[in-house]
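Given the coordinates of chain A, work out where chain B should sit on it, guided by the hints.
2 protein chains.
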Amino acid sequence: MSEELAPGPTESPPAPRAGPREVWKKGGRLLSVLLAVNVLLLACTLISGGAFNKVAVYDTDVFALLTTMMLLAALWILFYVLRTVRCPEAVPYRDAHAGPIWLRGGLVLFGICTLIMDVFKTGYYSSFFECQSAIKILHPLIQALFVIIQTYFLWVSAKDCIHVHLDLTRCGLMFTLATNLAIWMAAVVDESVHQAHSDSSSHSNTSHSRLAPDQRAGSQVGEDCSCNTAVCQIFQQGYFYLYPFNIEYSLFASTMLYVMWKNVGRLLSSSTHGHGHGHGHSPSRVSLFRETFFAGPILGLILFVVGLAIFIIYEVQVSGEEGRTQQALVMYYSFNIACLGLMTLVSLSGSIIYRFDRRAMDHHKNPTRTLDVALLMGAALGQYAISYYSIVAVVAGTPRDLLGALNLAHALLMIAQHVFQNVFIIESLHRGPPGAEPHDTPHKEPCHGLTFANLDALHTLPSCPPTPTLAGSSPAGPPEAVAIILAPEGHWRRRCLKDISLFLLLCNIILWIMPAFGARPHFSNTVEVDFYGYSLWAAIVNICLPFGIFYRMHAVSSLLEVYVLS
Amino acid sequence: MSEELAPGPTESPPAPRAGPREVWKKGGRLLSVLLAVNVLLLACTLISGGAFNKVAVYDTDVFALLTTMMLLAALWILFYVLRTVRCPEAVPYRDAHAGPIWLRGGLVLFGICTLIMDVFKTGYYSSFFECQSAIKILHPLIQALFVIIQTYFLWVSAKDCIHVHLDLTRCGLMFTLATNLAIWMAAVVDESVHQAHSDSSSHSNTSHSRLAPDQRAGSQVGEDCSCNTAVCQIFQQGYFYLYPFNIEYSLFASTMLYVMWKNVGRLLSSSTHGHGHGHGHSPSRVSLFRETFFAGPILGLILFVVGLAIFIIYEVQVSGEEGRTQQALVMYYSFNIACLGLMTLVSLSGSIIYRFDRRAMDHHKNPTRTLDVALLMGAALGQYAISYYSIVAVVAGTPRDLLGALNLAHALLMIAQHVFQNVFIIESLHRGPPGAEPHDTPHKEPCHGLTFANLDALHTLPSCPPTPTLAGSSPAGPPEAVAIILAPEGHWRRRCLKDISLFLLLCNIILWIMPAFGARPHFSNTVEVDFYGYSLWAAIVNICLPFGIFYRMHAVSSLLEVYVLS
Chain A
1 MSEELAPGPT
11 ESPPAPRAGP
21 REVWKKGGRL
31 LSVLLAVNVL
41 LLACTLISGG
51 AFNKVAVYDT
61 DVFALLTTMM
71 LLAALWILFY
81 VLRTVRCPEA
91 VPYRDAHAGP
101 IWLRGGLVLF
111 GICTLIMDVF
121 KTGYYSSFFE
131 CQSAIKILHP
141 LIQALFVIIQ
151 TYFLWVSAKD
161 CIHVHLDLTR
171 CGLMFTLATN
181 LAIWMAAVVD
191 ESVHQAHSDS
201 SSHSNTSHSR
211 LAPDQRAGSQ
221 VGEDCSCNTA
231 VCQIFQQGYF
241 YLYPFNIEYS
251 LFASTMLYVM
261 WKNVGRLLSS
271 STHGHGHGHG
281 HSPSRVSLFR
291 ETFFAGPILG
301 LILFVVGLAI
311 FIIYEVQVSG
321 EEGRTQQALV
331 MYYSFNIACL
341 GLMTLVSLSG
351 SIIYRFDRRA
361 MDHHKNPTRT
371 LDVALLMGAA
381 LGQYAISYYS
391 IVAVVAGTPR
401 DLLGALNLAH
411 ALLMIAQHVF
421 QNVFIIESLH
431 RGPPGAEPHD
441 TPHKEPCHGL
451 TFANLDALHT
461 LPSCPPTPTL
471 AGSSPAGPPE
481 AVAIILAPEG
491 HWRRRCLKDI
501 SLFLLLCNII
511 LWIMPAFGAR
521 PHFSNTVEVD
531 FYGYSLWAAI
541 VNICLPFGIF
551 YRMHAVSSLL
561 EVYVLS
Chain B
1 MSEELAPGPT
11 ESPPAPRAGP
21 REVWKKGGRL
31 LSVLLAVNVL
41 LLACTLISGG
51 AFNKVAVYDT
61 DVFALLTTMM
71 LLAALWILFY
81 VLRTVRCPEA
91 VPYRDAHAGP
101 IWLRGGLVLF
111 GICTLIMDVF
121 KTGYYSSFFE
131 CQSAIKILHP
141 LIQALFVIIQ
151 TYFLWVSAKD
161 CIHVHLDLTR
171 CGLMFTLATN
181 LAIWMAAVVD
191 ESVHQAHSDS
201 SSHSNTSHSR
211 LAPDQRAGSQ
221 VGEDCSCNTA
231 VCQIFQQGYF
241 YLYPFNIEYS
251 LFASTMLYVM
261 WKNVGRLLSS
271 STHGHGHGHG
281 HSPSRVSLFR
291 ETFFAGPILG
301 LILFVVGLAI
311 FIIYEVQVSG
321 EEGRTQQALV
331 MYYSFNIACL
341 GLMTLVSLSG
351 SIIYRFDRRA
361 MDHHKNPTRT
371 LDVALLMGAA
381 LGQYAISYYS
391 IVAVVAGTPR
401 DLLGALNLAH
411 ALLMIAQHVF
421 QNVFIIESLH
431 RGPPGAEPHD
441 TPHKEPCHGL
451 TFANLDALHT
461 LPSCPPTPTL
471 AGSSPAGPPE
481 AVAIILAPEG
491 HWRRRCLKDI
501 SLFLLLCNII
511 LWIMPAFGAR
521 PHFSNTVEVD
531 FYGYSLWAAI
541 VNICLPFGIF
551 YRMHAVSSLL
561 EVYVLS
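Same order as they appear, the protein sequences are chains A and B.
Mapping the first sequence onto UniProt numbering, position 370 (from 1) lands on 370, and the numbers just tick up by one.
Mapping the second sequence onto UniProt numbering, position 420 (from 1) lands on 420, and the numbers just tick up by one.
Quick caveat, the hints were computed from the structure, so don't treat them as lab data.
A few of these clues could be false.
[Unchecked claim] Under the rule of at most 25 Å between Cα atoms (straight-line distance), these lysine to any residue pairs were calculated in the SDA-like manner:
#  : chain 1 : residue 1 : chain 2 : residue 2
1  : B       : Lys365    : A       : Ile337
2  : B       : Lys54     : A       : Cys544
3  : B       : Lys26     : A       : Leu371
4  : A       : Lys54     : B       : Leu403
5  : A       : Lys365    : A       : Lys54
6  : A       : Lys365    : B       : Phe311
7  : B       : Lys26     : A       : Met377
8  : A       : Lys25     : B       : Met377
9  : B       : Lys26     : B       : Leu168
10 : A       : Lys365    : A       : Cys544
11 : A       : Lys54     : B       : Ala144
12 : A       : Lys54     : B       : Ile543
13 : A       : Lys26     : B       : Leu371
14 : A       : Lys26     : B       : Glu427
15 : B       : Lys159    : B       : Thr370
16 : B       : Lys54     : B       : Leu168
17 : A       : Lys54     : B       : Gly533
18 : B       : Lys25     : A       : Ile353
19 : A       : Lys54     : B       : Ser524
20 : A       : Lys26     : B       : Leu429
21 : A       : Lys25     : B       : Leu403
22 : A       : Lys365    : A       : Pro92
23 : A       : Lys25     : B       : Thr370
24 : A       : Lys365    : B       : Met377
25 : B       : Lys26     : A       : Ser351
26 : A       : Lys159    : A       : Lys54
27 : A       : Lys26     : B       : His364
28 : A       : Lys159    : A       : Val564
29 : B       : Lys365    : B       : Arg355
30 : B       : Lys25     : B       : Phe175
31 : B       : Lys25     : A       : Val423
32 : A       : Lys25     : B       : His364
Bound-form chain A, shown alone (with noise of 0.2 Å):
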């Protein structure tokens, strides 16, 4: 509940055609959240009862609970497309910032590797049907059909600042958001459960009492129903391959509902798009990387290459006898080492160049953003958990030989990553487009008189349209514009930041690459396990690592939105 409210008249105007007016936003808001919280609270429950096996809670229970949640957010959204498609005036405006086109892109994307996925998996639960509870075939094809039409929805309407039925609207939207985060921990706990079930093979300890899906389907209803056959098996392998892109699905969703939660009965004006804020706009395809020297994204290629490499020979190696499982190890270090090393150079000469940059910053109100770097802040925290256990196994544990230095180093180059690439991301966010230099802004001054001290209040103001001469004083004309008259020497800083941001992109894709696709060197490596126990560490990593995926992933949306603001 952040203090996020505008001052009390910019909301006082009624909209064309709205409801009654809204006195108190944060009371709307806060029964959605009640209610969202108590949902999501209730399925986490149930998922973590599910995933131990000692606790008399089913998986059915779990599937049956996902898909009544997903039928019942599938029919609230079909409602409010119903209801917006006859009533256009119910979004009177929209918000520039929301739903751009590469999250709504990969939004299809990975929506589309979601539905291959619930193929598989009923493939999978179709090949020993006679044993099984029904409930295990309806729940992917429920999840295909809500992932259709949620992806349909969000497509369509992520841009949306509704003004009818705010409250309904409200509760919809956060109860479709818990819907989204439950299939996500109901995927990670899936995984974990596979992960610990294929680890545990390798570790003969008897002290984690989890077990593979499959597993407990069998001690349900008898031994006969084992997955046999050849195209099961490969249903089962495709299934659990296809997880990382369900996960990433759920999150992106998770995304544009709370941005359009944020948005409900929003007031914008219609000046505010073309506000010379240069988020809105998408870059022509055309000069999509003449603006770069290609260092950055050479090197990211060639990094990303060698990484993926890298990976494969590390997956196939890891399982052998012990002397491989070494020497796979201190390949994969060495790599990630170097990789982080020029991740936290790269970020750290990106905010030099920003100490000599005069554009201004950008103070607007946006919500996309704000969350952007809440996410990015609190999911970087998953992965600063892990690197400080490592830490501490390794400093206060006994062996101290390469492995245990090449984890050390591994450990604090990846806080130090983090760290620069999240000051450098949102510092970036934060500037204004290109050109916006602070002397040719007139309202950074200290007030001028009632005219422009109003200036911003006025944007949010729809019935009070910014008259010609306040139009005329406005900070920054068009961005095509004002790249023409750029000077130079901003434009070699501006190629220079291009770079930075292609190089970090692709270095963070074969970053998540690798742990979305399975490589556990946190159990491999025996440090950490020695000094915690196995189940301790198990604990952490798969409680902390889920969040440190989506970092990841989320960094890899925000450097695009980087590379195409500088």
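Frame of chain A, contents of chain B only:
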């Protein structure tokens, strides 16, 4: 990182004798947040590592880290105090909402209890001085010093909006905040370990690996250092009973430091103080209870006394044989169900009274209130989580007896009570002062022109004092003047609200005392322990309950504010 920046122009006018103008407030905040997060995660790693006996992190490591942090924070505080004393113009504004008298009074009270605890701790560790590490005696001494310095600092400076050395001050405040949170974590973990040790005698379950600190100390230096003398055991008992006060002290100090951090570099107009918010005015002590119907405080006091008696009977009976434990639990749950049911009804009726209340909502920026709301909503999550886990255990578990039914009713009412109490408190905190009815607030009407649209922006502009015309149309005069002309019907509502807040306040105190001083029906009651297994259930309760206890304390301080405001 919430989007709380005031629009550009209000930040621009230079403060009287301020440092260089701050271009981008978020940049300065970012650095200090990163510092605090990293320090806190390091402390968290060591503290959680130290709690597990298997892990080779000793409590001396934790004590050493905490002592270092407290020394550094105390040095920074001394530097800050000296600097502001020497140069009074460094603090040009004071935030009237920050550090109200009851918060500072509570801080001093809890600070004194913490000092007594430190005496007990020093006495306890001195009892076996010869075989202890010196840091264990140094730690409480340094803590006492730190508490004295910090309490003085917060008493004097809680309202400061400092305008020199912005980045250094932000980092110092965040470091002190991190120190307080680390002390809180260490105290909570130490108490949980103690609790687990005293529980493990009744549940002879070997799956949990925690040991009491004295046992750990013995394992390090040999078995001749045990607490045998009567004095030593009194010291040990005493310091564990004083832990809840130390925990609350750290949390109170943290909230005040956070508000100070938010206020660094903030610009306030001198007119904001008297602007009819009423948050700042303290009630005259004579009329403290005169404005109530006495029903609330009397009913609350009865519940408080009955609750205290039941708590003492429960604590005596629960450690006895099976039948008496059962009896004690039935009594405990019955009282809690009655108390929670009444509180739910009373909160609900408070919300209904607000539906007929026509006072305007207060939309002004107020970091203290934003933090209060966030903490109420966030801390309630702990109790929600415990309740949902209980509900799942009772519903899915097999034996359905009286205790199961009581447990279910208790969990459901706990959720309802938290929801309705939060709604009531948050709505109360956002009401304007009494008498500020919407019909006499011209600025709530839609946009009459630039003059009115600018009213809100103007309040934060120190260099543009309100013109006489504007001041004349400001929504409310001083509260005293308004109270006289208050309609009798409004006065009746106001008395009701005061009764409600006093009743809820007293109930929250008794519901704070019970868990804070060691009532753990979660473990005496076997439903959840059997369902989830001891280690999982202990993890859930030990992580979530500290937030639940904090919620009660924080609700008490918020309800006191509601009482004063309504």
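The hints, checked one at a time:
Of the pairs offered as hints, the one joining Lys365 (chain B) and Ile337 (chain A) is violated, with about 45 Å between alpha carbons and a cut-off of 25 Å exceeded. For a cut-off of 25 Å, the pair hint linking Lys54 (chain B) to Cys544 (chain A) stands: about 21 Å separates their Cα positions. At roughly 14 Å between alpha-carbon atoms, Lys26 (chain B) and Leu371 (chain A) fall within 25 Å of each other, so this suggested pair holds. In summary, the hint linking Lys54 (chain A) to Leu403 (chain B) is supported, as the alpha carbons are separated by about 23 Å, within the 25 Å threshold.
Proposed proximity of Lys365 (chain A) and Lys54 (chain A) is contradicted: the alpha carbons are some 49 Å apart, above 25 Å. For the suggested pair Lys365 (chain A) and Phe311 (chain B), the alpha carbons sit about 51 Å apart, so the restraint of at most 25 Å is broken. Annotation: proposed proximity of Lys26 (chain B) to Met377 (chain A) holds, straight-line Cα distance about 13 Å (limit 25 Å). Annotation: proposed proximity of Lys25 (chain A) to Met377 (chain B) holds, straight-line Cα distance about 17 Å (limit 25 Å).
Distance check on the hinted pair: Lys26 (chain B) and Leu168 (chain B) sit about 14 Å apart at the alpha-carbon level, within 25 Å; holds. A distance of roughly 31 Å separates the Cα atoms of Lys365 (chain A) and Cys544 (chain A); the hinted pair therefore is violated under the 25 Å criterion. About 46 Å separates the Cα atoms of Lys54 (chain A) and Ala144 (chain B), which puts this hinted pair outside 25 Å; it is violated. A distance of roughly 21 Å separates the Cα atoms of Lys54 (chain A) and Ile543 (chain B); the hinted pair therefore holds under the 25 Å criterion.
A threshold of 25 Å between alpha carbons decides the hint, and for Lys26 (chain A) with Leu371 (chain B) the separation of about 14 Å falls inside it, so the pair holds. About 9 Å separates the Cα atoms of Lys26 (chain A) and Glu427 (chain B), which keeps this hinted pair within 25 Å; it holds. For the hint linking Lys159 (chain B) to Thr370 (chain B), the alpha-carbon distance of about 16 Å falls within 25 Å, and the restraint holds. Our distance criterion of 25 Å between C-alpha atoms is broken by Lys54 (chain B) and Leu168 (chain B), whose separation comes to about 40 Å.
Restraint check for Lys54 (chain A) and Gly533 (chain B): satisfied, since their Cα atoms lie roughly 7 Å apart, inside the 25 Å limit. For the suggested pair Lys25 (chain B) and Ile353 (chain A), the alpha carbons sit about 19 Å apart, so the restraint of at most 25 Å is met. For the proposed pair Lys54 (chain A) and Ser524 (chain B), the alpha carbon gap of about 20 Å is at most 25 Å, so the pair holds. At roughly 12 Å between alpha-carbon atoms, Lys26 (chain A) and Leu429 (chain B) fall within 25 Å of each other, so this suggested pair holds.
This hinted pair does not check out: Lys25 (chain A) and Leu403 (chain B) have alpha carbons roughly 42 Å apart, beyond 25 Å. At most 25 Å may separate the alpha-carbon atoms for a hinted pair to count; Lys365 (chain A) and Pro92 (chain A) meet this at roughly 19 Å. Our distance criterion of 25 Å between C-alpha atoms is met by Lys25 (chain A) and Thr370 (chain B), whose separation comes to about 14 Å. A C-alpha spacing of about 24 Å is found between Lys365 (chain A) and Met377 (chain B), which places the hinted pair at or below 25 Å, so the restraint holds.
Restraint check: the Cα-Cα separation between Lys26 (chain B) and Ser351 (chain A) comes to about 15 Å, which is no more than 25 Å; the hinted pair holds. Of the supplied pair hints, the one linking Lys159 (chain A) and Lys54 (chain A) is violated, its CA atoms being roughly 46 Å apart against a limit of 25 Å. This hinted pair checks out: Lys26 (chain A) and His364 (chain B) have alpha carbons roughly 13 Å apart, not beyond 25 Å. At most 25 Å may separate the alpha-carbon atoms for a hinted pair to count; Lys159 (chain A) and Val564 (chain A) meet this at roughly 19 Å.
For a cut-off of 25 Å, the pair hint linking Lys365 (chain B) to Arg355 (chain B) stands: about 24 Å separates their Cα positions. Between Lys25 (chain B) and Phe175 (chain B) the CA atoms are separated by roughly 18 Å; this keeps the pair inside 25 Å, and the hint holds. For the suggested pair Lys25 (chain B) and Val423 (chain A), the alpha carbons sit about 13 Å apart, so the restraint of at most 25 Å is met. With a C-alpha separation of about 13 Å, the suggested pairing of Lys25 (chain A) with His364 (chain B) holds against the 25 Å cut-off.
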